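K.L.:
Listed below, chain by chain, are the residues.
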Amino acid sequence: MTMLSEFVAGGRRVAAHRPAPRAVVDAATWHQAAQALGDERATLFGLWGERDAAHLALLDDGTGEIAVLSFACPDRRFPSVGALHPPALRLERAMRDLYGLVAEGAPDTRPWLDHGRWPNSRPEAAAPYDFRPAEGESLHRIPVGPVHAGIIEPGHFRFTAGGETVVRLEERLGYVHKGVENLMADATLERSAQLAGRVSGDSTVAYAIAFARAAEAALGVDAPPRALWLRALMAELERLANHFGDIGAICNDAAFALMHAHTGVLRERVLRAADVAFCHRLMRDGVVPGGVARDLSPEGSVAIRATVGEVRRRFPALIALYDNTASLLDRTVGAGYLRPELARQYGAGGYIGRGSGRDFDARRNLAYAPYDELRFTVPKRGDGDVNARVWIRIREVEQSLDLVDQILARLPQGATRIELPPAAGACEGLGLAEGFRGDVLVWLRLGGDGRIVRCHLRDPSWFQWPLLEAAIEGNIVADFPLCNKSFNCSYSGHDL
Amino acid sequence: MRKYIFEGMIRRPLTEGAPKPGDAATAELARAVEGAARRRLGRSLSIRAVDAGSCNGCELEIHALNNAFYDLERFGLRFVASPRHADVLLVTGPLTRNMREALERTYRATPDPKWVVAVGDCAVDGGAFADSPACVPGGIGAAVPVDLHIRGCPPRPTDLLKGLLALLDAQA
Ligand code: SF4
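Chain order of the listed sequences is A and B. Numbering-wise (our numbering), the first sequence opens with residue 66 and increments by one. Numbering-wise (our numbering), the second sequence opens with residue 77 and increments by one.
No lab work stands behind these hints: they were computed from the structure. Being a predicted model, the structure only gives us computed values, none of them experimental. Ideal Cβ placement from N, Cα and C applies to all residues, glycine included. Hints are supplied without guarantee of correctness; some may be wrong.
[As the list claims (entries may be wrong)] Just a sample of chain A residues kept apart from chain B, beta carbon distances all over 10 Å, derived:
#, residue
1, R359
2, F441
3, L473
[Unchecked claim] Simulated coverage check for chain A against chain B, where a stretch passes if three residues somewhere in it have a Cβ under 8 Å from a Cβ of chain B:
#, stretch
4, 180-190
5, 213-224
6, 232-242
7, 265-274
8, 318-332
9, 344-350
If we strip away everything but chain A, and leave its shape as in the complex, we get (with noise of 0.2 Å):
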């Protein structure tokens, strides 16, 4: 028995929750739990909470298997799991914000996405924010935001640095708080599939898919084979958008422009043929639960090839324009060192996590239909850099142009969507994708009248923010563009 089935088998298993099982456990599976994830015998997945309980999702990264596990609180506390696992912190502090649950025994309580802004704010929120002190002779502070300098989301910065140097980083998110869970509850899946959509714009699709699956493991329905096959058309359309996109913007924050001009190219090629194929140049609200909102029509197939034609005949010279300019390499080479240590306690997703050793995607490790049937392979390096999660983004685009080939040679005849059958009492589901970023996860509660009754949306982003500050420690105040690029977090997907 593995250890996640023991924990599980240690609990009460509720009956409707799919596909991975639920349990109700006592305080000490809790800990144990929670003991698991500092030992790094378990990845923490997801940790969400709602009126009176706290829920525990955690990941076996070699075999895959998923468990979550509840913890019944009708006092609004239970154990902290970041005071055994720091990756928890920051959930534990979005918890208490939202769902006014607390975190007993928690190293760091203040407030997170709160800003005592709120009609319900928590009065302690409104009090300044308590950056964590730094001291040392001669050092000074940066604070930056949330108003960037580019066309990028808003958050804050506080440097502390001696010199050029970045001694300390502390991040402050939640600016773009819109509630996004909040407004699913009691919503209509047609409704929450619309928001679940527009949690973060540039993974339209892949939140879109994670939110279908865990709608359709909820009512016990699987989406018809063709429309798997076309979702995983658009989530690879997507990663090639936004992989385009980080690669130019990345070489423009080394100042070196060109290289943005021409994957500004690729990216609006793409986009075109999305949105000849999809008609929206994002692909948004293609994916409904229950399988897709528009068939692909034979002039996107077309567009589609052709794109990828094109994107194979003009990426290759610009690898080598990238291999080949000494004085780019020399501003990614090295910078923004993330250690594969940390990558796997955070258990960080796509190419910041893969940049830094840890060999995980879940369209190979989860194998979720279509990728079961697909050969592609998961590029991965240890040298933690930017340059590494560069290199990561550019073979993932080659992996991408070949899935795409794939799907559009293979893809299967037949309906594109079926109509959900009612829920029969309230039902749970677990649903996953893999967006450009890392995994995004999906958790929801139907009601017996097929409505939300709560709907949990996680970013790959809370485990990659933090590791952003360790990664610039040592780098100068200069290089922070080009670092935070590298890892182009979501601020919206984080803050929901």
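Could you slot chain B with the ligand onto chain A? The hints should help.
P.N.:
Coordinates of chain B with the ligand only, in the frame set by chain A:
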């Protein structure tokens, strides 16, 4: 790199012709822009983008305006890093309560004459997030005066371009 620079000189540019300014946008602006302001500014505008809680979808399309296909700068429109250099604030998102003060301060830091363009369904009226207690009811307009609305989720780059060109036309 030399190869790219050489090719750039001989290849046909990708840049598209300018779209016609949107009629609705022109009408809205004709009302909004004051004659005095028109004379004070030349035919070039500096734009400062402010994210007031967007999902980042609108930002992606604003970014696209800078790519070779849309090439915003050929119209004399450019993005600047500070509101103190800006004539236009391009504001996205439903206006979260946590961003309200930052938006108001950015607006105050922008010298007169200035215009505010609300970009995206969220910015117009809260969009998908309209009923959230975490957002300010009424979208961007609840905190700062809005001169032009550009709808869409997100608006296409051509829609953004139409709106911004209307802004230029109205002040020329
Ligand atoms: S209008 Fe749409 S794309 Fe723009 S911020 Fe709102 S949800 Fe995102």
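K.L.:
For each hint, tell me whether it holds in the structure or not.
P.N.:
We went through each hint and held it up to the structure:
1. Distance check on R359 of chain A: its Cβ is at least 16 Å (rounded) from any Cβ of chain B, clearing the 10 Å threshold; non-interface status holds.
2. A cut-off of 10 Å between C-beta atoms confirms that F441 of chain A is not in contact with chain B; the least separation is 25 Å.
3. In this structure L473 of chain A is separated from chain B by more than 10 Å, as the shortest Cβ-Cβ distance comes to about 25 Å.
4. For a cut-off of 8 Å, the count of residues in the stretch 180-190 of chain A with a CB near a CB of chain B stands at 5, and the three-residue condition holds.
5. For the stretch 213-224 of chain A, the stated coverage by chain B is satisfied: 6 residues place a CB nearer than 8 Å to a CB of that chain, which reaches the threshold of 3.
6. Only when three residues or more bring their CB closer than 8 Å to a CB of chain B does the claim for the stretch 232-242 of chain A stand; here the count is 4, and the claim holds.
7. Taking a C-beta to C-beta cut-off of 8 Å, the stretch 265-274 of chain A contributes 4 residues in contact with chain B, enough for the three needed, and the coverage statement holds.
8. With a threshold of 8 Å between beta carbons, the proposed coverage of the stretch 318-332 of chain A by chain B holds, since 6 of its residues qualify and at least three are required.
9. Residues of the stretch 344-350 of chain A lying with their CB closer than 8 Å to a CB of chain B number 3, which satisfies the three-residue condition for coverage.
Hint compliance for this structure: every hint is met.
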